[in-house]
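Protein sequences, first through last, are from chains A and B. Quick note on numbering: the working numbering labels position 71 of the first sequence as 97, and the sequence is numbered without any gaps. Quick note on numbering: the working numbering labels position 47 of the second sequence as 269, and the sequence is numbered without any gaps.
Since the hints were derived computationally from the structure, they do not count as laboratory data. No experiment lies behind these values; they were computed from the predicted model shown. Accuracy of the hints is not assured; some may be wrong.
To be verified - Stretch by stretch, here's where chain B covers chain A in the computed footprint (C-beta under 8 Å, at least three residues):
no. : segment
1   : 55-61
2   : 81-93
3   : 123-135
All residues carry an ideal CB built from backbone N, CA and C; glycine is no exception.
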Amino acid sequence: LAKTTQPISMDSYEGQEVNITCSHNNIATNDYITWYQQFPSQGPRFIIQGYKTKVTNEVASLFIPADRKSSTLSLPRVSLSDTAVYYCLVFSGTYKYIFGTGTRLKVLA
Amino acid sequence: DGGITQSPKYLFRKEGQNVTLSCEQNLNHDAMYWYRQDPGQGLRLIYYSQIVNDFQKGDIAEGYSVSREKKESFPLTVTSAQKNPTAFYLCASSPGLPQADTQYFGPGTRLTVL
């Protein structure tokens, strides 16, 4: 199972673009990359999932380089309500995700 | 309104007592999961079930038990054998796809042992 490495914490200001990079060096050929957002005392919320190149939805973009050993979650124009913990996970088809400690994003006014 | 429900939201237990946490989903998902989260930590997998009447141990199954008698329900029992049960418990479900499977989480149950 692929493990992931993310920065422990990040600070940003409202209105800025935030990029959170995740390393997953031993990702397998068929693995997908998934990002979740979690607020205190709530369940994680699915943000975005991708396999290669770029994926975009209404809340975020996910950039995956050709070697797929890392990925970057991009949050455009963050607001105070984006303050949360963000988890990068690799799904390997075994019904098991491995959650690390995530990245604590703090958005400042 | 589709989704995953967990009850109760808060639960208090005396040492030595078993307690059961409820998880129900109406998403018609085949797979269901139980995670434990401790303060400042990520989620750790307790048990998971790919289909009805089948379940597998996760990374920290000791002191816990589950059943999967119905597709929509996956209750978790925290037994007295669990040495440090105070934690935030999260239930999730997913379609069970072989690739790009996405887990959807419930709101969680916070268990406190008194």
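Check each numbered hint against the structure and report the violated ones by number, ascending. 2
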